[in-house]
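> When we follow the UniProt record's numbering, the leftmost residue of the sequence shown carries the number 1, and every step to the right adds one.
Worth flagging that the hints you see were computed from the coordinates, not collected in a lab.
Take the hints with a grain of salt, since some may be wrong.
[As the list claims (entries may be wrong)] No more than 16 Å apart at the CA atoms, straight line, and that leaves these computed lysine to aspartate or glutamate pairs for EDC-like:
(1) LYS211 <-> ASP32
(2) LYS181 <-> GLU45
(3) LYS491 <-> ASP428
(4) LYS447 <-> ASP412
(5) LYS111 <-> ASP59
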Amino acid sequence: MKLLGCKIDTKHELKTAFKHPVDKYDMAVFLDPVHMFKLVRNHWESKKVILDSNNNKIDWNLLCQLNKLQEDEGLHFANKITRRHIMFRNNIMKVKLASQVLSTSVATALKFCRENAKLTTFKNSEPTEHFVRNMNNLFDVFNSRNMKQFDYKQPLYSRNKDFIFTFLNLMKTYIRELKIKQATKRKIDKEGKKVQVILQSFKPILECSCKTGFLGILIGIESLQSLYISLVEEDNMLVFIPSYKYCQDHLELLFGMMRMHGGHNNNPNAKQFKGIYRKVLCNLEIKASDNGNCIPLESIGVLNCSSSIKVINGSAQLQKLQEEQLCNDSITITETCSSVVKFLSTELPDLHDLNRYIVGYISGSVAHYLLKVIKCEFCIDALQASDVLWFHKLISLKNRGGLCFPSQSLYDVCCICEAHVRRIVHEDFVVTSNTQRLAIVLQIFKKILGNCGIFIFEENHVNDQIHKNSLIRAVIEKYLDIRLHHVSKCKTLKIIPDSKRQYYNKLTQQKGT
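Construct all of the structure, not just a fragment, from the sequences and the given hints.
The structure is reproduced here in structure tokens:
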């Protein structure tokens, strides 16, 4: 970069552009933003503590404590962080392991533990929260694609220029003022003898050997600002700057598709590469893998609908539920899965406030799903709260306009489901069949069925009892889907806590060659 004419001396203003030798245009330099954020994560983990401008600690151990708390509670504070994110060294190139650590959801979880849960471990977590949130917003600025997004995810254009430029200028100052601890060895005279001592001091991070990630972000900020001024304001060549276009993801996805054509061998020779590249040029490529270092951002999932929801939508045209058949099915399933019924019939564990806030958040997710597929207006009203309730604290903290606030009845059903899930986890019971899962659903359904205070409909609702039973069962099924999936995922992480497959991949392929 210096040979091309750029100036990256951190003590002075950065110059991140150089003249094209033929066209005389300014060529802006970008270091791949995704790799820069991975380097920031790596350096933070290795140094453990970074100081901000006010000498407040940005502490990596707080993330370790958050992960430990979530593992102990068996629930997550609406974030993705797991032990894989803490022990990431064997998967150091995975983008999602870095982006999910430096994310708004982690910052919000730290804030919730400090302000709402009042946990003493997180009482000094505000600088760490601020750092994580800033890195998330910077990542969004460097990853903007769609004009329909908002805030930092929206591409840079005339209407949000002042907002984005103000933030980027603040981040330049913020990063320059970050400091890390440096240990230096010195020899001093003590009683006529040379004694070696270790002196510890804090040094600006841009003057240390681990500056690459932070310096790369500063270079990206300078280049993005200069690119906008030249291409949008001066030359009017573009309307907005989609920063995702200059990421390295496109090349990685292309190479990933080429490697996948080789099957078990992801290291093709020249002849194989020629054939694969010809296929790619002819639009015969296969779908990009979701297990690579980066993943395609345009993948779309398929939404399924449960049988209980069909009952609600069908009974809107006065179709009756056959209660006798349901009872017969219940007896058959109970006899088949007597072991499930036995331990679920014992006393259920109580939930403390921390768990109840998280259950409230999950019940909002259940409501969000059911509102999309249920057509009955009375059932839709029964799922939503008219006011903000006490268990909505985590939802209120994370809400940016799209979250659902569940009703008290929905929350009560989810709490009963959570108590049963905790019993399943405590007994170390593994749900291996749909019959066992249905037995759990029916056992929970029986406990709730006699409660008259759950899902009270208006008098003019024709299918009151039919819809009430089906709605309760739909809530139970969806909540169990979410929680049993999470339990299975946690068990998998415990079985394979530190996979070395990617780390040893090339060594395994080249063994004996």
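> Are any of the numbered hints broken by this structure? If so, which, sorted upward?
Hints that this structure does not satisfy do not exist here, as all of them hold.
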